[in-house]
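Place chain B on chain A using the hints.
2 protein chains.
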Amino acid sequence: MRLAIYGYGNLGRGAEAAILKSPDAELVGVFTRRDPNSVQTRTGAKVFAADEILRFRDEIDAVILCGGSATDLPALTPMLAKDFNVIDSFDTHANIPAHFDAVDAAAKAGGKLALISCGWDPGMFSLNRLYASAILPDGRDYTFWGRGVSQGHSDAIRRIPGVLDARQYTVPIKEALEAVRSGKQPELSAREKHLRECYVVAAPNADRAAIEQAIKTMPNYFADYDTTVTFISAEEMREKHGALPHGGFVIRTGKTGLSGEHTHRIEYSLALDSNPEFTAGVLVAFARALCRMASRGATGCLTVFDIAPADLSPLSREALRRTML
Amino acid sequence: MRLAIYGYGNLGRGAEAAILKSPDAELVGVFTRRDPNSVQTRTGAKVFAADEILRFRDEIDAVILCGGSATDLPALTPMLAKDFNVIDSFDTHANIPAHFDAVDAAAKAGGKLALISCGWDPGMFSLNRLYASAILPDGRDYTFWGRGVSQGHSDAIRRIPGVLDARQYTVPIKEALEAVRSGKQPELSAREKHLRECYVVAAPNADRAAIEQAIKTMPNYFADYDTTVTFISAEEMREKHGALPHGGFVIRTGKTGLSGEHTHRIEYSLALDSNPEFTAGVLVAFARALCRMASRGATGCLTVFDIAPADLSPLSREALRRTML
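Chain order of the listed sequences is A and B.
Using my numbering, the letters of the first sequence correspond one by one to residues 1 to 325.
Using my numbering, the letters of the second sequence correspond one by one to residues 1001 to 1325.
Just so you know, the hints here were simulated from the structure itself, not pulled from any lab data.
There could be a bad hint or two in this list.
Claimed, not checked - Just so you have them, the derived chain B footprint on chain A, three or more residues with Cβ under 8 Å: (1) 54-60; (2) 156-168; (3) 187-201; (4) 316-323.
Claimed, not checked - Pairs of lysine-lysine residues, derived as PhoX-like cross-links and limited to a Cα-Cα distance of at most 20 Å, are as follows: (5) B:1021 with A:21; (6) B:1184 with B:1174; (7) B:1184 with A:255.
Here a beta-carbon is modelled for each residue, glycine too, at the ideal position from N, C-alpha and C.
In isolation and in its complexed conformation, chain A is listed as follows (with noise of 0.2 Å):
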């Protein structure tokens, strides 16, 4: 398969990674909205204009989208799609369904295919969720984030005044993932399913008393939250806090028997050194199953709900049953 990255941040980064471990793929090139010649790849894949990408319509199998969800990918998936298959990693939950539609009617009026919310949370979370839920329906399940970098949590702290530099670390509490585990299904706060742990650089005259009560009664953020902060140096955040791990838990626990009598518990749980790297090599994984999909005459919008399994893997389905299953 021949594929293209689109926006070449950390995301885009991870997948032109993600491409050279895959056999079967293979890196047309890295389309930004940057100045071309201001971009380095990594592997030295070739970095072209967002506005050539039209050229390479021949050429491109599928469109790895990598922007952000706030503002590029609402506008750039549909836009792609009417020309190229595409997929995407959009994760505001909420206007999953109001991205679905758009990206589908661009889809089916190009004659394309599209899959979004692709990566773990949505993504493999959501599988899990499914999954879980149709084995288990007499049930509850619960998600858990982290230990992570939340990168909105981070932004949302340095666009106050003073602050330099953050980090914010979503924790999951452990006395709240043991309790799901027990199969009580017990109702849970937000402040009682997460920790915020915030490290922040500050200007050297900031009043940090006020930085701390400034982030602390964030709305949305940290105010329904337990939450620390930990003021460090410019230094100690790059030595200690540069990487992107992430991770977390889908845990569903539900009853069988004619009365209830017999508990069970599925657990799903993700540790991650790279964010980034993770989402990219479930974005290719996926890519994979798009094209074929795509050559088997599929159009509109697709999600991870429905792409059969054996799509996602490049050997055969007779070799699958032969060693995997």
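Same frame as chain A, but now just chain B:
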């Protein structure tokens, strides 16, 4: 969907309970090779003689086959696949390709759809091996089973002279699990991965030392494992070992980045109070997909790898995107 249960042991009884919990499923009846008058169902479901099933050709959307993999399913699944959409939990991994071919030929001849080897291993564990290997191609996966009752190993002990009853628990070894989770990708022997715990009721005058020796040296079943043998009374067996718990772990660790600089771990685990009732829950969810795909005209044999997850849920695709993605 109108379902039938063929075979009424532990799995058939689990399927009966699982169908009761599925709002979109109706149980047409239980088909047994025993005298139907001797079988009392848990819910009062009707019982018919197995050879009457062809009379119900137009009233059954799918048959859930609840026989054993050793002798029942290799004959039954191809036989019934000529006249019905069928699903089984055939679990002799090495014979899956041959079973698939036989069922595929029969289903195609009859214009029916079949799904084999559907449970948790093969089944949900297989799916997790596939997803994880597609996402992290540069990695390695490990499957651990237990703590849980192995019926095959329990039966093997019961065949030893002087043994009245036996229960064997397969127990994953913690140190092996931790070594795998660390990302080190260790080489592990059978003995290093699992312990075998045996509880045995001996006949009054039996030679216990000889029984213990016979168990511990039994080829394939026990000789390659550290095995403990504990003699207990028939009462203790009834009181403490009457349940059929099981579960296990599928763990894949892998590397990403240009030089493999980042490590990731994907872990899926099950902790089940009742192995047959959980397996029945998997079968009913996949029977839903089977009925939907058959109504779209699909024929032949499938496995869990061929099923788009959305087809497992009673919810519409639109509702799934809105609530689970």
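We went through each hint and held it up to the structure:
{"no.": "1", "hint": "54-60", "result": "violated (count 0)"}
{"no.": "2", "hint": "156-168", "result": "violated (count 0)"}
{"no.": "3", "hint": "187-201", "result": "violated (count 0)"}
{"no.": "4", "hint": "316-323", "result": "holds (count 5)"}
{"no.": "5", "hint": "B:1021 with A:21", "result": "violated (44 Å)"}
{"no.": "6", "hint": "B:1184 with B:1174", "result": "holds (15 Å)"}
{"no.": "7", "hint": "B:1184 with A:255", "result": "violated (36 Å)"}
When the structure is compared with the earlier hints, violations turn up for hints 1, 2, 3, 5 and 7 and for no others.
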